[in-house]
Amino acid sequence: MRDPQVRVPCEILDEHLDVIVEHKLDIELYLSGSTLDSLKPGGAERIKKKLTHGPRITFHAPFMDLNPGAVDSRVLEATRGRFGQCFDVAEVLRPALIVLHSGYEKWKYDHDVDLWLERSLTFWPEFIKRARSIGARLAIENIFEDEPTSLARLMKEINSPSVGICFDAGHCNIFTAVPFKEWLEVLGPYIIETHLHDNLGDLDSHLALGDGNIDFQEIFAALQGKDVVHTIEAISVEDTFKSMQAIRDIHQRLST
Numbered sequence: 006m007r008d009p010q011v012r013v014p015c016e017i018l019d020e021h022l023d024v025i026v027e028h029k030l031d032i033e034l035y036l037s038g039s040t041l042d043s044l045k046p047g048g049a050e051r052i053k054k055k056l057t058h059g060p061r062i063t064f065h066a067p068f069m070d071l072n073p074g075a076v077d078s079r080v081l082e083a084t085r086g087r088f089g090q091c092f093d094v095a096e097v098l099r100p101a102l103i104v105l106h107s108g109y110e111k112w113k114y115d116h117d118v119d120l121w122l123e124r125s126l127t128f129w130p131e132f133i134k135r136a137r138s139i140g141a142r143l144a145i146e147n148i149f150e151d152e153p154t155s156l157a158r159l160m161k162e163i164n165s166p167s168v169g170i171c172f173d174a175g176h177c178n179i180f181t182a183v184p185f186k187e188w189l190e191v192l193g194p195y196i197i198e199t200h201l202h203d204n205l206g207d208l209d210s211h212l213a214l215g216d217g218n219i220d221f222q223e224i225f226a227a228l229q230g231k232d233v234v235h236t237i238e239a240i241s242v243e244d245t246f247k248s249m250q251a252i253r254d255i256h257q258r259l260s261t
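The working numbering numbers the first residue of the sequence shown as 6 and each following residue consecutively.
Hints were generated in silico from the structure; no laboratory data involved.
Glycine included, each C-beta is placed from N, C-alpha and C at the ideal position.
You can trust all of the hints, since none of them are fake.
Per label pair, the in silico range of CB-to-CB distance: (1) Arg79 to His28: 40 to 50 Å; (2) Ser260 to Asp42: 45 to 55 Å; (3) Leu126 to Arg51: 33 to 43 Å; (4) Asp119 to Arg51: 38 to 48 Å.
Full structure from sequences and hints, please.
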């Protein structure tokens, strides 16, 4: 198994660059809206040159205040603009995957999944096309969903090998009472990435694996044999390496 990669917000890449290069870490680069606005001409090329170990790269697109299934046309326009900026950088760095949030919240849509789905389906085609042009895939991440069927419906309707699911274990532990087993059964055929961080089911605390109450062995067992990119989303360097060891221990147990 390839070692899991680590999430790195672009604005702190330089701060952790020595550790990343020394340990030859694959990374998921988070590009916030403010980062994209401050990126100067040639900025993407400079990032590429810094990563001298030639890592696999994935992207996490901006998400604050954005929604690819928005009813408000101005919000949709802003989302399209931010994602477009992210894809401009992707044309240089060539990420394998680009993670994007789904935008669905049942309270905002008054439980009307069809409304969100209809709007969302009109949004994605241009970005699927751009992803294909650079050899990337889109991974739609669960956030506030309290059950998996809305994302499964989105995948069935899009029906593209260029689009899959990023299963975020921490978000699932907070926002749903549906067992992980059901999430993994329903979304399993579509999962192409995981976001791995722990919590106690109360806050999105991004703890090291093993410091919360999530059964990560259940997740890895369900995804065995699948081509999935695993991304650690710990806050500190120490918790990142602690999580890596926890994953190695899980794979050791699963292989015996």
